[in-house]
Amino acid sequence: MDDRFLDEMRREPSPEFARELHDRLRRQGPASRPARAWRPARIGFALGGALAATFVVLLFTVPAVRVSAQAFLDLFRVRNFAAVSVDPAKLERLKDKSLGLESLLDQQTQQLEKPGEPKVVSSTTEAAALAGYPVRVPSRVPAGYVTDTIAVTGAGAARFTVNAPKIDELLRTLGITDLKLPPDLDGKSVTVRTSAAVVQRFVRDRRKMIFVQARSPEVSMPAGIDLPQLGEIALRVAGLDPAEAHRFARSIDWHSTLVVPVPLGASSFSQMTVRGNPGLFVEVTDTGTSPSEHHHTGNMLMWSEGDMVYALSGNMDRVSMVEMAESLR
Amino acid sequence: MAVKGTGSSKLLGWLTPATEAHWDALYAEQLPRVYNFFRYRVGDGPEAEDLTSTTFEKAWRARDRYRRDLGAFTTWLLTIARNVATDHYRQARTFAPLEEAEGLAGGPTPEELATRRSDCERLSELLGKLPERSRELVALRYGAGLTNRAIARLTGLSESNVGTILHRVIQELRAGW
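In order, the protein sequences belong to chains W and F.
All residue numbers for the first sequence refer to my numbering, where the first residue is 1 and numbers rise by one.
All residue numbers for the second sequence refer to my numbering, where the first residue is 1001 and numbers rise by one.
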């Protein structure tokens, strides 16, 4: 069918308009730090990071949680979730280049398998073929929401080799003098493997909600490691006071619990059961970094089921999120 | 239809530390796409420039969060543009511009009507009569120069559905042309 007449309205933007807008954007300042490729080292503490790209994708959609995501701790396989309140300002200090945390992680991490760029697909069937496992979809979504994008992130793997003297030096720099890394850990490796993750985005006007599913990330490490002790160190680095870090570290099973740091004073959380499985609901309010920024709220629901982990995030209320989660088929 | 390719490899520059260096190329490549999307979406006038500016300003501010959208850069940018268009129509429904209200009283003069009969304006008028969804699909296809597949990804419709709707809309538009 001849549709050439529909090209009649195409015009090049006027040079004046193009130049003026270009200059205006430039005046808004240099680029803020760009997004970086997925690297386990960025999302974990000393043991090489331990969180699936799944959750990174999800958590990064809630700005207030974004900074906290860097403090995720190690795990073998996710079965349970536990939230811990952390002070965003204390987490922020970990980014200080003079501290050397990032360079330490960079130096000690070897990427074994790169997840690559997320691939946008046209259906959940295609997503399942790429991901290598059946993709589940909610049979109920809040009124007006439609699927906007389905994407699949690749599997990833990274190995972190422990440099005990450097980590101890880092602890001292942070003022943590009562804890030390076990010396026999020096030179040992921890490997983190994440499966492909399927990300479905739903939109309604400007509202978005994201549903992520993936096989549980797996962390393999030398036998005999005192995980509660390492967990306690990580919690201290994340800014928890000594008593709270000790109590929390001794209260959970580090082999199966995903520790989710949530910003102190800007969030609330509760353990809950989703489809008969352990889950965690987090409500986040982003107070922004300046008075002119509008406040953003978002909720997040994550749960495990068999060897899969699921997460929902968006501006939906708790009831809607649970209904959506319960409707998975 | 003279639409340049997305140059997605170049667009990856948006995601890398070389963002500043790539910005000019990205901007030059995407500006006509977004601008023409709005020309088809809201009409030929200053609004198209205003909404294009708003879209790029939002994208510029949010560029470090691009990866969250998990799609091609063009898709991401046009998602912002679609939201800007939605906001525009929402505000327009609430607050009709004063100029518009003034125009309603008298209507165009015969001379004005005569000069408005350019092809561009004829098409603009026809597009103005389309339902919002149809007009958006036309804007994405002919303004932004997207393929049916890309439109499907952006809108959540199936590719065949996009093709069917566009086919029907084009027939309607041809009948009125």
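Warning: the hint list may mix true and false statements.
Taking lysine-lysine and the DSS-like style, the derived pairs with C-alpha atoms no more than 30 Å apart in a straight line are [stated by the list, open to error]:
#1 1058(F) with 95(W)
#2 188(W) with 119(W)
#3 180(W) with 166(W)
#4 1129(F) with 119(W)
#5 114(W) with 188(W)
#6 95(W) with 166(W)
Keep in mind that the hints were calculated from the coordinates and are not lab data.
Here's how the hints hold up against the structure:
For the proposed pair residue 1058(F) and residue 95(W), the alpha carbon gap of about 26 Å is at most 30 Å, so the pair holds. This hinted pair does not check out: residue 188(W) and residue 119(W) have alpha carbons roughly 34 Å apart, beyond 30 Å. Restraint check: the Cα-Cα separation between residue 180(W) and residue 166(W) comes to about 11 Å, which is no more than 30 Å; the hinted pair holds. At roughly 37 Å between alpha-carbon atoms, residue 1129(F) and residue 119(W) are farther apart than 30 Å, so this suggested pair is violated.
A C-alpha spacing of about 22 Å is found between residue 114(W) and residue 188(W), which places the hinted pair at or below 30 Å, so the restraint holds. Distance check on the hinted pair: residue 95(W) and residue 166(W) sit about 16 Å apart at the alpha-carbon level, within 30 Å; holds.
Comparing the model with each earlier hint shows violations of hints 2, 4; every other hint is respected.
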